[in-house]
Amino acid sequence: MARKGFKAWCERTAGQYRKSFEIEETSPLCAWNLAAHLGVVVKTPKQIPGLSPDDLDILLGEEDSSWSAATISHNAKLWVILNSSHPPGRQSNDLMHELSHIICGHEPARLDVSDDGLLVLLSYDGDQEEEADLLGATLLLPREALLHIAKLKLGLDEVKKEYKVSKDLFSMRMARTGVNKQLTYRRKPLA
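Just so you know, this note's numbering puts 179 at position 179 of the sequence shown, and the rest follows in order with no gaps.
If you are wondering where the hints come from, they were derived from the structure by calculation, not from laboratory data.
Keep in mind that the hints are not guaranteed to be accurate.
[Stated by the list, open to error] Pairs of lysine-lysine residues, derived as BS3-like cross-links and limited to a Cα-Cα distance of at most 25 Å, are as follows:
(1) K181 with K167
(2) K77 with K167
(3) K160 with K4
(4) K19 with K151
(5) K77 with K43
(6) K7 with K43
(7) K19 with K46
(8) K161 with K151
(9) K19 with K181
(10) K151 with K7
(11) K167 with K153
(12) K161 with K4
(13) K151 with K181
(14) K46 with K77
(15) K43 with K160
(16) K151 with K167
(17) K167 with K7
(18) K161 with K43
(19) K160 with K7
(20) K19 with K7
[Claimed, not checked] Cβ pair distances, simulated, as ranges:
(21) K153 with D54: 44 to 54 Å
(22) S85 with K161: 13 to 23 Å
(23) G15 with G50: 37 to 47 Å
Keep in mind the model is a prediction, meaning the values are calculated, not measured.
No residue lacks a Cβ here, since even glycine has one placed at the ideal position from N, Cα and C.
Taking the hints into account, I'd like the entire structure generated from these sequences.
Structure, rendered in structure tokens:
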């Protein structure tokens, strides 16, 4: 469960990053621009030297649904490796989730390689994952942006294209922020 006051902190943080990029509170915040701002290198499996075609087939083929993104430390820099087989909105959300771990100063999960070459997660912190989910979603779609979207009566396809988000993320943010409920008093909800 997220810390007391964490949701409000997420909204403030989303606003602060928009100010640092000199964009409106309601404007989209590009995850790749934020990564560059934070000094984080973003790569896909195909851009990682030394991965064999068999490794790529596993990561982007038969096992593509088993992972989304991972943050690693390489040459004293943080890298986020994104699953490029996922749709753009999902990649944007996955990248923002990983950046949220970094912004929050979370301890990275520990991984190991099993004897048969499989990656095994040795540690998992549900609270950190929940916080990264919440901050990542808020960075992409803060409450002010949701109200702006509603005011402009943007359709789902426009929102997905403009804000680089998935339908699921948009629907979740509309429901969890109370914007949907607020809008039901005025008209039909968007998501």
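Each hint tested on the structure:
1. K181 with K167: 18 Å, holds
2. K77 with K167: 32 Å, violated
3. K160 with K4: 30 Å, violated
4. K19 with K151: Holds - the C-alpha atoms of K151 and K19 are around 22 Å apart, at most 25 Å.
5. K77 with K43: Distance of about 13 Å is within 25 Å: holds.
6. K7 with K43: At roughly 29 Å apart (the allowed maximum being 25 Å), K43 and K7 break the hint.
7. K19 with K46: Answer violated: K19 to K46 is near 34 Å, above 25 Å.
8. K161 with K151: 17 Å, holds
9. K19 with K181: 28 Å, violated
10. K151 with K7: With a Cα-Cα distance of about 23 Å, the restraint between K151 and K7 holds, given a limit of 25 Å.
11. K167 with K153: 16 Å, holds
12. K161 with K4: Since the Cα atoms of K161 and K4 sit roughly 33 Å apart, the hinted pair is violated (cutoff 25 Å).
13. K151 with K181: Answer holds: K151 to K181 is near 14 Å, not above 25 Å.
14. K46 with K77: Satisfied, since the Cα-Cα distance of roughly 19 Å is no more than 25 Å.
15. K43 with K160: 22 Å, holds
16. K151 with K167: Holds: K151 and K167 sit about 18 Å apart, inside 25 Å.
17. K167 with K7: 21 Å, holds
18. K161 with K43: 22 Å, holds
19. K160 with K7: Between K160 and K7 the Cα gap is close to 23 Å, so the pair holds against 25 Å.
20. K19 with K7: Cα-Cα ~19 Å, so holds.
21. K153 with D54: 44 to 54 Å: Roughly 49 Å apart at Cβ, these two residues keep to the hinted range, so it holds.
22. S85 with K161: 13 to 23 Å: 20 Å, holds
23. G15 with G50: 37 to 47 Å: 41 Å, holds
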